[in-house]
Amino acid sequence: MSPSKADAPRNLFRAIFTDLHFWIPLIVLLAGLVLLDKLR
Amino acid sequence: MPATRLRSLQALGIFCGFAAGAWLGGAEAPIKLVNPDISPITVSLIMVFGVFLARWSVPAFIRGTSHVHSDVRQAPHLIVWAVLAGCMWAVANTLTIYAIRNVGLSIAFPLWNTNSLLGIFWGFLLFNELHYAGWKRWLGVLGGAACMFYGAALLAIASAHQAAPGKATAGILAALGAGILWGTMYIPYRKAYLTGMNPLSFITFFTVGELATMTVLAIAYRGATPLWHELIGAKSVMFWLMLGGFVWVLGDLFQQYATKYVGISRGIPLSNTNQLWGLLWGIFVFHELRGGSHTIYVQVAGGSLLMALGALSIALSSATAREHSSWQDAADREGNRYGIEHEYVRAGMEGRAYGGISTGRSFVDWLLILVTTVMFAILAFMAKLPHMDIALGWAAALTIAMLALLATCGIALWRTTRFR
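Heads up: the sequence lines are chains A and B, in that order. Residue numbering for the first sequence follows our numbering, beginning at 79 and increasing consecutively. Residue numbering for the second sequence follows our numbering, beginning at 3 and increasing consecutively.
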């Protein structure tokens, strides 16, 4: 496997985790779960 | 993109938005046949089983899963986005159950319908939607969404049957929470379609998040053993619930294509016309407003008219070539961030073929279709039709209207994009 291929998953996750667009839905999802837990 | 191609894709997206409304609204019909004694969480879980089967078998039937594999190779990061969106859907759907229980449908429905306003906000802020659109289009989209919001409020008030006093704050919070979750869920949707992913591929991973979250929530809230007993006890209505899930998936698929071709700012408000279709089923097939007061009928007529005018206003505010070029800027940004081939992104946006993907269905595709068909056949055999006053003539008429929309929109999608 070439170095670029081996680095591909790591680069992919780095791109996702440094993307603001990923954190907005994730934070909303976590807040939704907290709300759901409070409403139970 | 040539101007004629842009126009035809915009018209297709708007058509998909209206078809989505019909099928999402029609999904409520089978659920009305179910005994209200079953817990809402269990109802939701069984529906999601139907949704899961549909989300794998429908793509297998339409294009074959080889296309899903090909899409994932091009844009593997979208698996994460799709699963995240599926988790959000499941939590939002569970919140709506609490909202209806605490404040009734009349207050809950308009509150969670604010998802379209949030969709417009995210579309503008993150994906360059409505940029360079001009004040007429801004007015058309925002005015249309506001009209639909007020129309939805009127319809919900007219069709309200229950309202539990004393738990207003919890109910309002649950409804607003559902609206925020659904409105934000469109970020992953738009992300996927700007990057060129096919809606048929996106939904197969979306449903993994949906089913996993719903299963965890159901076990956590009901307990594994009571849940199992409740599922066994519900076998006579499983068919109707899973059918509701299946119908819902067809509506959601049209919603995904609408999001892809006209963006979230237009696609989501248009598919929110589902409330109108739900009301048509309720009034004509299940006689829900029989004997209602004059005020109720005025509210229904006014609410329906407002929703129709709002949808028309949005439908007439499609993106211009200049606005579309700013969508392409957002698409290029996504392509660069995730290292996706430029040609793949452009081909996806223009609804045309990319690369030499093998066509046809594999053994796995036929197996998925067969398993789904057999499961529905077995459940249909076990199903019982409850003793209800149902207007079968109206049910047939509405079903024919939905099938006509399915066929015409399906043909339009096939002719214009080959379901890309």
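Wrong hints could be hidden among the right ones.
[What the hints assert, rightly or not] Footprint (simulated), chain A over chain B, 3 or more residues, beta carbon under 8 Å:
hint	stretch
1	77-84
2	92-100
3	362-368
Hints listed in this document are in silico derivations from the structure and should not be mistaken for laboratory results. Because the structure is a prediction, the values reported are computed rather than measured. Note that the Cβ used here is the ideal one computed from N, Cα and C, for glycine as well.
Outcome of the hint check:
no. : hint    : verdict
1   : 77-84   : holds (count 4)
2   : 92-100  : holds (count 5)
3   : 362-368 : violated (count 0)
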